[in-house]
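Participant: Taken in order, the sequence shown gives residues 1 to 254; the numbers are from my numbering.
Since the hints were derived computationally from the structure, they do not count as laboratory data.
There could be a bad hint or two in this list.
Said to hold, decoys possible - Pairwise CB distance ranges, derived in the manner of DEER restraints:
(1) 156 x 114: 22 to 30 Å
(2) 170 x 207: 31 to 39 Å
(3) 117 x 65: 36 to 44 Å
(4) 124 x 180: 22 to 30 Å
(5) 165 x 145: 30 to 38 Å
(6) 193 x 214: 37 to 45 Å
(7) 187 x 21: 24 to 32 Å
Every residue gets a Cβ at the ideal spot worked out from N, C-alpha and C, and that includes glycine.
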Amino acid sequence: MTEQPLYELPAIYDQLRTPKGDLRHYQNLAIAADGPVLELGCGSGRLTLGLAVAGVAITGLDRSAAMIAHARIKAADFDTGEYPRWLVGDMTAFRLEGRFALVAITFNALQHLLDNDSVRACFTLAREHLAPGGLMAFDVLNPGPHVLAGASEPYPVDHIRHPETGNPITVLENVTYDRARQLAAISLSFVETDPLGTTVSCHEMVQTLRIFYPLELGELLRQCGWRLIERWGDFGEQPFGADSPRQVCVAEPI
């Protein structure tokens, strides 16, 4: 089995299941904002491109050069004018000239910041890059039993196709939770089989995500000059509760 970061394989990353309704949710927020949008942790540009196609003047920033390169290739298939704009950069240490009506931190991107100092740096910079009347929107997982219980046996979570061979790939997930540091190590195994069902390759990719409890998230926002004005339990904007799968949030400057 070979191991490498998930974000170095953007063609496979693009095929993984994504939260239902997130594109429509962020499109609605971006259109309501009626101005330029900055997406932090844009990855391979799935949402960035979706917003650009909807006419949003959006800039996508991600620290992975491989992801940004893949996003540029995908964007070449769309006629969206000068947008999206793509930047390789760190969401905790960026300086841009423009100001934005909406800063969006999408698809768990905030959870890649593993300590409070990094989260505060991101929130502070987002506020500094906000236009008057602007908002910040983000989504993170709501910690549930499958994470908080600690180690689990690998179980199938997705079925995709190899981008080059076309062979089926079964995606297995295993989660280990560090309670002291609130870090979830999510191991994804990609098992490729040929038409006869024989395993021909197996790659393991590990990503570590910071787990945010609802009350601490509000406090971190307050420390950085933000007020939480909306928190839904999913992208359908259902009320947030203990069993909600996600924390889908909107904040305004204090």
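Participant: All hints are to be evaluated individually against the structure, with a verdict given for each.
Facilitator: We went through each hint and held it up to the structure:
no.: 1; hint: 156 x 114: 22 to 30 Å; in the structure: holds, 27 Å
no.: 2; hint: 170 x 207: 31 to 39 Å; in the structure: violated, 18 Å
no.: 3; hint: 117 x 65: 36 to 44 Å; in the structure: violated, 24 Å
no.: 4; hint: 124 x 180: 22 to 30 Å; in the structure: holds, 26 Å
no.: 5; hint: 165 x 145: 30 to 38 Å; in the structure: holds, 37 Å
no.: 6; hint: 193 x 214: 37 to 45 Å; in the structure: holds, 41 Å
no.: 7; hint: 187 x 21: 24 to 32 Å; in the structure: holds, 27 Å
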